[in-house]
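> Chains as they are written, first to last, in this note's numbering: chain A, 1 to 269; chain B, 1 to 209; chain C, 1 to 282; chain D, 1 to 210.
The reader is advised that the hints may include incorrect statements.
[Stated by the list, open to error] Result set (DSS-like, lysine-lysine): computed pairs, CA atoms no more than 27 Å apart in a straight line: (1) K220/C x K10/A; (2) K174/C x K119/C; (3) K99/A x K204/B; (4) K69/B x K60/A.
[Claimed, not checked] Just so you have them, the derived chain B footprint on chain D, three or more residues with Cβ under 8 Å: (5) 37-51; (6) 77-83; (7) 97-105; (8) 154-167; (9) 190-201.
By construction, these hints were calculated from the structure, which means they are not laboratory data. Small disclaimer: the values here were computed from a predicted structure and weren't measured. Just so it is clear, CB atoms sit at the ideal spot from N, CA and C, and this is done for glycine as well.
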Amino acid sequence: MVDTILVPGKTVPLIVFLVIVVSMYLMMRYASKGKVPTIRTLPAYGAITEAVGRAVEVGKPVHYTTGTYTFVGQTAGGSAALTAGLSLLAYISDLCLSKGATLISSCAYPEVMTIESEILRGSYLKAGMGDEYAEVEHLRYVPIVSSCAPFAAGVAGWIEREKPATNFLLGPFFFESLIIAEAGYHAGCFQVAGTTSAGYSAFFLACCDYVLIGEELYAAAALATNDPIQAGSLRGNDVNRVWIIALIVIGVVVTLLGMKTALVNLLSI
Amino acid sequence: MSFLRSRYINVAIIFIAAFLMIFTYFFNVKVLSDAATLVQTTVSLFAAFTLALGAMNLTLIAYRQVQKKAPTALFSVLAIAVMLMMIITGLIPPLMNSPQFNWLYNNVEAPTDSTMYAMMVFFVASACFRAFRARSKEALVMLVVGSFIIFTYAPIGATIWPGLPAIGSWIEKYPMTGASRGFSIGVALGGLGIGLRILLGREKAVTGE
Amino acid sequence: MSESKGILDKIENMDVRIIYILVIICIAIPIIRPMGLPIPISESTISAYDFINKLPEGSVVLVGFETGAAGWPELGPQLNIFMQHIFDRNLKPIIVSGNVDGAQLAEMYTIPKMIKPGKVYGEDWVNLGYIAGGESGIAAFASRITSVTPRDYFGTPVEDLEMMKNVTSAADFKLAIVCSWGTPGHADYLRQYTTKFGVPLIVGAQTTTVPAIVPFYQSKQVVGYTNGLRGAGEYEILTHHPGYAVASLDAASSYHLVVFVLIVIGNLAIVAKRFVKKKEGT
Amino acid sequence: MSMWDILGNWINAILTIAIISFAVPGENIFYRIAEYIMIGITAGYAVVQGMRVVLNLGISPMMSGQAYMLLPILLGLLVYTRFSKQYGYLSRWPIALMVGSGIGVSIRAIPEVDIMNQIKASFLPLVGVNWDVAVSNIILLIALLSTLFYFFMTVEQKGPLRQISVVGRYSLMILFGAYWGSQLMTRSTMFIGRMSFLIKDFLFPMLGLG
Numbered sequence: 001m002v003d004t005i006l007v008p009g010k011t012v013p014l015i016v017f018l019v020i021v022v023s024m025y026l027m028m029r030y031a032s033k034g035k036v037p038t039i040r041t042l043p044a045y046g047a048i049t050e051a052v053g054r055a056v057e058v059g060k061p062v063h064y065t066t067g068t069y070t071f072v073g074q075t076a077g078g079s080a081a082l083t084a085g086l087s088l089l090a091y092i093s094d095l096c097l098s099k100g101a102t103l104i105s106s107c108a109y110p111e112v113m114t115i116e117s118e119i120l121r122g123s124y125l126k127a128g129m130g131d132e133y134a135e136v137e138h139l140r141y142v143p144i145v146s147s148c149a150p151f152a153a154g155v156a157g158w159i160e161r162e163k164p165a166t167n168f169l170l171g172p173f174f175f176e177s178l179i180i181a182e183a184g185y186h187a188g189c190f191q192v193a194g195t196t197s198a199g200y201s202a203f204f205l206a207c208c209d210y211v212l213i214g215e216e217l218y219a220a221a222a223l224a225t226n227d228p229i230q231a232g233s234l235r236g237n238d239v240n241r242v243w244i245i246a247l248i249v250i251g252v253v254v255t256l257l258g259m260k261t262a263l264v265n266l267l268s269i
Numbered sequence: 001m002s003f004l005r006s007r008y009i010n011v012a013i014i015f016i017a018a019f020l021m022i023f024t025y026f027f028n029v030k031v032l033s034d035a036a037t038l039v040q041t042t043v044s045l046f047a048a049f050t051l052a053l054g055a056m057n058l059t060l061i062a063y064r065q066v067q068k069k070a071p072t073a074l075f076s077v078l079a080i081a082v083m084l085m086m087i088i089t090g091l092i093p094p095l096m097n098s099p100q101f102n103w104l105y106n107n108v109e110a111p112t113d114s115t116m117y118a119m120m121v122f123f124v125a126s127a128c129f130r131a132f133r134a135r136s137k138e139a140l141v142m143l144v145v146g147s148f149i150i151f152t153y154a155p156i157g158a159t160i161w162p163g164l165p166a167i168g169s170w171i172e173k174y175p176m177t178g179a180s181r182g183f184s185i186g187v188a189l190g191g192l193g194i195g196l197r198i199l200l201g202r203e204k205a206v207t208g209e
Numbered sequence: 001m002s003e004s005k006g007i008l009d010k011i012e013n014m015d016v017r018i019i020y021i022l023v024i025i026c027i028a029i030p031i032i033r034p035m036g037l038p039i040p041i042s043e044s045t046i047s048a049y050d051f052i053n054k055l056p057e058g059s060v061v062l063v064g065f066e067t068g069a070a071g072w073p074e075l076g077p078q079l080n081i082f083m084q085h086i087f088d089r090n091l092k093p094i095i096v097s098g099n100v101d102g103a104q105l106a107e108m109y110t111i112p113k114m115i116k117p118g119k120v121y122g123e124d125w126v127n128l129g130y131i132a133g134g135e136s137g138i139a140a141f142a143s144r145i146t147s148v149t150p151r152d153y154f155g156t157p158v159e160d161l162e163m164m165k166n167v168t169s170a171a172d173f174k175l176a177i178v179c180s181w182g183t184p185g186h187a188d189y190l191r192q193y194t195t196k197f198g199v200p201l202i203v204g205a206q207t208t209t210v211p212a213i214v215p216f217y218q219s220k221q222v223v224g225y226t227n228g229l230r231g232a233g234e235y236e237i238l239t240h241h242p243g244y245a246v247a248s249l250d251a252a253s254s255y256h257l258v259v260f261v262l263i264v265i266g267n268l269a270i271v272a273k274r275f276v277k278k279k280e281g282t
Numbered sequence: 001m002s003m004w005d006i007l008g009n010w011i012n013a014i015l016t017i018a019i020i021s022f023a024v025p026g027e028n029i030f031y032r033i034a035e036y037i038m039i040g041i042t043a044g045y046a047v048v049q050g051m052r053v054v055l056n057l058g059i060s061p062m063m064s065g066q067a068y069m070l071l072p073i074l075l076g077l078l079v080y081t082r083f084s085k086q087y088g089y090l091s092r093w094p095i096a097l098m099v100g101s102g103i104g105v106s107i108r109a110i111p112e113v114d115i116m117n118q119i120k121a122s123f124l125p126l127v128g129v130n131w132d133v134a135v136s137n138i139i140l141l142i143a144l145l146s147t148l149f150y151f152f153m154t155v156e157q158k159g160p161l162r163q164i165s166v167v168g169r170y171s172l173m174i175l176f177g178a179y180w181g182s183q184l185m186t187r188s189t190m191f192i193g194r195m196s197f198l199i200k201d202f203l204f205p206m207l208g209l210g
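Kindly generate the complete structure, drawing on both the sequences and the hints.
So, in structure tokens, the structure goes:
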């Protein structure tokens with residue numbers, strides 16, 4: 001009975017799926033009960049405050065973008081980075097309002113725009129400046145369809161013209177990353193960037209003052225939101241990493257003993 | 001009707017849809033598989049509906065700019081005019097296949113899109129000029145690896161010295177593959193974590209307040 | 001001393017426009033006057049070529065035109081040469097795209113060039129058009145084709161197409177080829193076609209995504225890949241149809257060379273500056 | 001060539017040059033015009049594409065007997081309520097379905113594609129192969145394990161752990177260097193496409209050259 005219901009070859013993936021999900025859930029529960037794990041220090045995260053401070057000094061706006069990604073029909077890694085970027089948007093928007101800097105965010109998809117608009121409005125309400133929020137002024141929406149070219153063109157052009165003091169690029173990115181980051185570099189912006197794509201992290205290393213590489217973006221989001229659940233899920237990642245490392249080492253040892261085929265077959269059930 | 005505004009409806013919809021997709025991947029249950037396919041068809045349909053949102057927002061922005069007589073109003077009006085041209089020619093039968101539509105696509109959309117993409121050629125060159133400077137040991141590693149890969153991909157590398165692409169391919173096949181695997185396993189774990197948080201309704205950014 | 005330092009500073013902080021103009025020149029010259037540098041053929045391209053070459057005639061092959069107009073200069077040559085090889089081998093391609101304009105690009109730029117006389121639409125090849133909904137859409141397409149594409153690109157119901165009579169899901173595909181510049185990309189195809197239905201996958205890659213594809217090729221989840229314009233050029237040579245890709249590769253080479261020279265100059269300036277500083281210090 | 005073809009070629013070339021002018025000499029009015037044309041035309045294309053999918057996937061099946069397709073169509077229309085203050089929350093429902101299905105579809109395969117298959121591919125032989133392959137495999141494993149280690153986020157990395165993490169950082173630099181090298185090829189290809197058009201399809205015919 002079970003054989004006919006369970007798709008062949010999916011037993012191990014199902015077990016792995018359950019192991020990861022359950023361990024993460026447990027870590028999140030521990031964290032929400034007060035055992036919040038500490039997150040290691042990230043220089044780029046500390047630079048966010050400095051970046052906003054610089055914008056206040058110069059009296060020019062702060063620009064923020066999560067790039068051209070949306071939740072619909074994209075990869076999980078992308079959704080995760082986008083969610084992290086949105087958490088950081090909330091944090092940075094609060095920071096800007098408390099220090100007196102103007103934040104302008106650019107986005108490319110209507111779903112993301114709706115969410116960002118809610119975040120910004122909430123931030124203004126929290127600071128007691130609910131009346132001052134205007135979607136048209138604080139959110140730049142450059143619609144795109146399949147190619148991020150219009151977004152890249154629109155944002156890079158705007159940065160060249162307005163020359164904001166600070167430019168945040170936090171989220172999942174496509175090739176617009178380099179066009180926007182280069183425009184920011186030449187406009188003299190202080191840039192803090194972070195993404196989960198290896199290729200675009202490399203871009204950011206060349207153009208930006210501080211970079212959050214890969215999972216450091218998730219860690220920064222957890223630090224920013226101060227949310228025990230997010231910290232717990234980071235701990236969950238670490239726990240799973242331990243057995244992944246162990247399994248690789250075991251696999252190498254088993255291969256040394258000449259029993260690789262048996263292990264691979266076992267893991268392919 | 002205030003319960004309709006509750007975020008728990010969103011969370012419930014997200015959870016059910018995601019559960020269907022995950023369950024039918026691991027298990028064969030005909031009824032649920034059919035339901036999953038129907039949901040996916042519906043998602044495709046919804047995605048098609050959202051495609052028009054961009055145009056609507058653009059129109060709204062243009063309208064407000066004209067009202068305020070903003071300096072960018074003229075540009076926005078130009079964008080709207082072009083947009084209408086594209087829509088009208090697209091609707092001439094055969095749908096999206098009329099010569100007028102293809103002409104616009106071929107001579108306006110395709111060149112602007114691909115030239116913007118092609119602009120990267122400049123930015124990559126100037127950023128490379130900056131990135132590949134041996135300021136630190138880390139940058140030196142990047143510089144050396146990058147140089148070998150440059151000559152692995154460009155045919156000229158083999159003309160200069162056949163060893164160049166050989167070393168480049170080795171880097172790609174061993175140390176880079178290792179680092180790439182480590183990087184992407186981590187990102188994948190993070191993706192699962194965030195997926196779980198969304199399913200549990202713990203990501204207020206996504207599910208709404 | 002300070003004079004030489006000034007020059008070095010200038011080199012280090014060169015006006016980017018000089019770089020930009022250099023780039024334009026170094027790409028334009030080989031286009032006007034190609035040099036004909038030899039193109040060594042990579043193992044991954046050969047393995048893709050061999051796989052297609054060994055498929056039995058009449059096999060159904062899914063070809064994903066996952067690109068917009070902007071990605072065309074890199075992915076188009078690969079798609080063109082794949083399609084040409086497919087038609088030469090009398091395989092039956094199904095064209096789809098998760099990008100809004102991919103199917104249109106196929107109709108405008110590939111089919112008119114690569115089609116062989118005697119091939120009939122609906123019997124020898126079909127274009128099922130756009131699949132909305134990203135990876136969800138692909139997953140639905142894989143489990144039942146008509147669930148997301150009930151009609152083809154031209155509006156004909158899929159049931160009425162001769163070739164699609166016995167093709168209902170991804171289980172009927174003998175091969176999937178994807179040329180993608182983002183999402184949906186090789187990862188989505190791997191998850192939905194290869195992992196779920198066991199369809200072998202060939203990737204026509206953008207060079208930038210090759211580092212992400214190599215691990216999958218190493219782990220044998222991808223049977224072969226072509227690396228950007230370079231890969232297209234290699235494939236053109238393998239199939240004895242040298243064309244656009246082969247002719248354009250010289251320009252790519254000269255660009256790489258110029259960038260490399262720039263990098264060297266930038267680093268020499270740094271080293272020289274350090275040297276000057278040291279001398280001033282003593 | 002017809003008049004339309006010639007006109008098209010000219011527009012094509014002018015727009016291309018207008019956008020390139022963003023790099024040399026810099027931001028200018030022509031670039032700005034091209035920028036807004038690009039934004040407008042993409043939005044227009046999306047509208048027509050959306051209509052076609054709705055027609056094929058929703059309306060025509062509904063007309064040919066699948067009456068239940070009316071429901072998804074009506075729900076899809078809720079997307080547009082976001083412009084209303086009163087009913088804006090309704091637009092969240094279709095988006096929730098898209099988000100849920102998107103997350104489900106993408107995370108369900110992660111354990112297999114991104115984790116297990118990658119682990120299995122890392123069971124590399126260290127003996128019984130040529131020494132160069134063995135050394136290469138060891139290097140791969142070091143890069144893999146140290147990179148994995150680098151991303152331990154909830155552990156403060158001190159002492160010997162710090163050293164592993166440093167190796168991980170260098171491995172990442174190898175990865176980034178490789179990405180940089182690969183960028184040049186893709187990006188030059190794009191530009192070659194545009195230059196080929198400008199030179200071979202526009203300039204040469206105009207000057208009467210082959």
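> State the violated hints by number, sorted upward, taking the hints as numbered earlier in the document.
Of the numbered hints, just 8 does not hold.
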